[in-house]
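**Q** Start from the sequences and build out the full structure, keeping to the hints where you can.
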Amino acid sequence: MRGDHHAPRTAKDGGHAGPARARLPLPPELSTNLGYDAVGVPARHGFHLLSHLPRTGCVFEAAEVWWWIVPSGSDQDLDWPEPVAYATGGLVPVPRPRLIHGPDSRTPYTPPIPLFLMVCQVAGVTPSWGALGGRRAVSTP
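Each residue of the sequence shown is one higher than the one before, counting from 42 in the working numbering.
Keep in mind that the hints were calculated from the coordinates and are not lab data. It is possible that part of the hints are untrue.
[Claimed, not checked] Between beta-carbon pairs, the in silico distance windows are: (1) 117 to 70: 27 to 33 Å; (2) 63 to 167: 19 to 25 Å; (3) 170 to 136: 29 to 35 Å; (4) 61 to 167: 19 to 25 Å.
What you are looking at is a predicted structure, and each value in this text was computed from that prediction instead of being measured. Ideal placement from N, C-alpha and C gives every residue a C-beta, glycine not left out.
**A** Below is the structure:
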């Protein structure tokens with residue numbers, strides 16, 4: 042079972058908390074039974090991802106980063122490539138991003154595997170899965 046991972050891990054600081062963070066506020070009418078994390082992608086890739094994913098959940102924008110809501114634990118066994126940031130618990134650097142895209146359904150989630158594959162494509166890397174039980178995602182700076 043996973044421990045408490047609400048303090049974001051970072052690739053550069055060895056896991057120590059960095060700048061102030063706020064939790065992304067999802068619309069209250071959406072079901073979050075799976076909990077949620079966020080995947081931060083440079084804004085320059087946002088429209089391309091949005092137009093090519095089969096289904097999209099909530100997407101937030103701030104400081105040249107688009108944050109995609111995914112179910113909790115979507116960092117397990119996936120090697121999210123640079124320059125992607127992974128925010129456990131939806132805790133992202135402040136100022137708080139604004140919602141720019143509502144979900145296609147009653148859940149806030151973008152399916153993580155299609156998002157992962159598309160992010161790898163725009164990053165120009167071959168998708169890589171970690172060893173079972175491993176956590177090797179790039180975390181928020």
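**Q** Work down the list of hints and note, for each, if the structure agrees.
**A** Hints, one by one, checked against the model:
no., hint, verdict
1, 117 to 70: 27 to 33 Å, "holds, 28 Å"
2, 63 to 167: 19 to 25 Å, "violated, 34 Å"
3, 170 to 136: 29 to 35 Å, "holds, 34 Å"
4, 61 to 167: 19 to 25 Å, "violated, 35 Å"
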